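K.L.:
Chain residues, written in single-letter form:
Protein chains: 4
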Amino acid sequence: MPTFEPKDPNFESRVRASFARQDIMETIGAKLVSVSPGEVQIELPFRDDLTQQHNFLHAGVVTTIVDTACGYAALSLMPADSAVLTIEYKVNFVSPAAGDRMVAYGRVTKPGRTVTVCTGDVFAVSNGQEKLVAIMLTSMMRVVNTGIQD
Amino acid sequence: MPTFEPKDPNFESRVRASFARQDIMETIGAKLVSVSPGEVQIELPFRDDLTQQHNFLHAGVVTTIVDTACGYAALSLMPADSAVLTIEYKVNFVSPAAGDRMVAYGRVTKPGRTVTVCTGDVFAVSNGQEKLVAIMLTSMMRVVNTGIQD
Amino acid sequence: MPTFEPKDPNFESRVRASFARQDIMETIGAKLVSVSPGEVQIELPFRDDLTQQHNFLHAGVVTTIVDTACGYAALSLMPADSAVLTIEYKVNFVSPAAGDRMVAYGRVTKPGRTVTVCTGDVFAVSNGQEKLVAIMLTSMMRVVNTGIQD
Amino acid sequence: MPTFEPKDPNFESRVRASFARQDIMETIGAKLVSVSPGEVQIELPFRDDLTQQHNFLHAGVVTTIVDTACGYAALSLMPADSAVLTIEYKVNFVSPAAGDRMVAYGRVTKPGRTVTVCTGDVFAVSNGQEKLVAIMLTSMMRVVNTGIQD
Chain W
0 MPTFEPKDPN FESRVRASFA RQDIMETIGA KLVSVSPGEV QIELPFRDDL
50 TQQHNFLHAG VVTTIVDTAC GYAALSLMPA DSAVLTIEYK VNFVSPAAGD
100 RMVAYGRVTK PGRTVTVCTG DVFAVSNGQE KLVAIMLTSM MRVVNTGIQD
Chain D
0 MPTFEPKDPN FESRVRASFA RQDIMETIGA KLVSVSPGEV QIELPFRDDL
50 TQQHNFLHAG VVTTIVDTAC GYAALSLMPA DSAVLTIEYK VNFVSPAAGD
100 RMVAYGRVTK PGRTVTVCTG DVFAVSNGQE KLVAIMLTSM MRVVNTGIQD
Chain F
0 MPTFEPKDPN FESRVRASFA RQDIMETIGA KLVSVSPGEV QIELPFRDDL
50 TQQHNFLHAG VVTTIVDTAC GYAALSLMPA DSAVLTIEYK VNFVSPAAGD
100 RMVAYGRVTK PGRTVTVCTG DVFAVSNGQE KLVAIMLTSM MRVVNTGIQD
Chain C
0 MPTFEPKDPN FESRVRASFA RQDIMETIGA KLVSVSPGEV QIELPFRDDL
50 TQQHNFLHAG VVTTIVDTAC GYAALSLMPA DSAVLTIEYK VNFVSPAAGD
100 RMVAYGRVTK PGRTVTVCTG DVFAVSNGQE KLVAIMLTSM MRVVNTGIQD
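Protein chains in written order, with numbering that gives the first Met the number 0: chain W, 0 to 149; chain D, 0 to 149; chain F, 0 to 149; chain C, 0 to 149.
These are calculated hints, taken from the structure and not from any lab test.
Copies of the same chain look alike in the list, so a pair counts if it works inside one copy or between any two.
Calculated pairs, DMTMM-like style, for lysine to aspartate or glutamate (alpha carbon to alpha carbon, straight line, at most 20 Å):
no., residue 1, residue 2
1, K30, D120
2, K130, E4
3, K109, E129
4, K30, D47
5, K109, E4
Note that the structure is predicted; figures quoted are calculated from it, not measured.
Please work from the sequences and hints to get the whole structure.
P.N.:
See the structure below:
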């Protein structure tokens with residue numbers, strides 16, 4: 000794991016405040032566990048009303064938490080005037096999203112002035128055992144002076 | 000657009016029944032608009048409780064409906080004993096997910112015995128105007144005799 | 000297909016001159032067939048020395064021509080001072096790359112000031128019949144004043 | 000890194016023999032450095048005839064070596080009767096492919112009966128310094144009894 004120096008010393012409070020404005024997180028019951036420079040962790044307890052037809056969490060729900068984790072991992076390294084947008088992501092699903100809860104990790108692989116590349120993992124946790132559910136590779140964009148804020 | 004011959008004449012009722020078991024669809028308010036061989040359309044009215052920090056629908060929500068549209072487009076061409084799983088997807092986000100409602104189209108590009116490749120589009124609709132929001136390219140897998148059913 | 004207005008009236012000669020500087024194209028024998036605003040076509044005759052272990056063209060060779068097609072499709076819509084870089088791509092392979100020659104099409108789906116999203120297709124042509132081989136979804140970046148030129 | 004037990008004790012000779020049949024590898028000058036269970040390393044010295052218009056190695060060339068590395072990483076864990084095909088890949092390019100040589104690593108993240116998910120990295124090496132150039136996330140498929148062999 001590379002180590003990163005944040006450009007904004009208030010990165011954690013900025014990320015936490017932005018996370019609090021993501022209404023979807025409250026709707027699905029996701030919590031921001033930790034924010035460090037270039038890495039964010041989010042948890043989501045399993046809920047029956049978020050499932051697909053086989054009673055696993057929907058791939059889109061798994062994606063929602065790991066996209067947010069990656070986006071804020073990217074934002075944590077950006078200057079204070081920045082907002083972050085998801086350009087694109089790719090996700091592979093390797094095990095069913097079943098378990099007591101999901102834990103998503105987003106990590107910066109390569110920070111950039113405009114584009115930051117992040118990788119993410121989602122694990123299903125049951126009885127203290129972790130199992131890999133999904134892997135994300137994503138491009139996040141820094142935007143400034145566009146009228147949107149983080 | 001290629002034309003496909005469904006292997007199961009009851010493909011539409013099978014897809015509709017499976018969609019009805021995706022509890023997440025009711026949770027977010029998504030509706031199955033149409034099912035034809037190799038193509039599925041889903042609608043989602045905008046809701047404030049599904050947004051990210053800039054008050055757009057979260058990328059994961061947009062992904063949720065287009066993943067379901069692509070998965071059922073794939074399933075519509077599979078034999079009756081099949082279940083469908085998302086192997087992976089890639090999504091590009093090209094405009095903010097803002098508008099009265101989102102319309103997601105999933106289409107089979109190349110059906111296969113095991114892997115079916117689909118493409119999806121999501122449009123934001125406001126005052127009758129459509130604007131492209133997201134593009135998906137995805138691999139869906141047919142599974143049989145695994146204990147999961149569609 | 001959307002229609003695009005090029006920002007640089009000399010887009011075609013600019014693309015053709017840049018293509019001529021891609022030494023890899025001569026090495027593998029690829030030809031630039033056509034350049035129109037937001038769309039580029041490239042051809043590659045089959046060659047045994049470009050194959051993988053099953054005697055199909057290597058996926059990376061197929062990717063090489065469709066990446067170039069998409070990159071120049073994006074460049075064709077950019078201002079004259081721009082250079083184009085591939086941020087990322089995703090490619091699905093749907094049939095073996097076998098046949099007399101490959102034809103790659105790159106098309107702009109959504110032009111942007113910084114990021115342009117393109118889609119690409121590669122077809123194998125044998126005896127006048129086309130068969131879809133690969134599909135690309137990619138993000139191209141416009142760069143200016145970085146010391147690299149197109 | 001997970002540790003994997005190969006199903007075929009002759010995995011290394013099988014991978015090396017298949018690599019030797021990839022004529023493209025000789026054409027571009029790529030070498031198979033090492034094969035271990037679930038991990039393969041390939042090297043490519045820089046060559047001017049493999050470059051794009053800015054005199055970097057073409058993205059497709061970088062992709063060629065890391066696709067082969069990931070494919071053989073997957074094959075190394077498959078039973079002896081298997082052949083491997085690339086279903087799809089996604090690659091992010093994070094630095095220009097410039098340097099004395101490229102080193103590509105392919106690693107299995109999740110082996111599967113049909114689909115194996117791999118990640119790959121490509122580093123540019125100059126004067127003993129490594130710099131990350133590209134990241135791959137890919138789905139490889141095991142096929143048997145299809146007439147193609149590895």
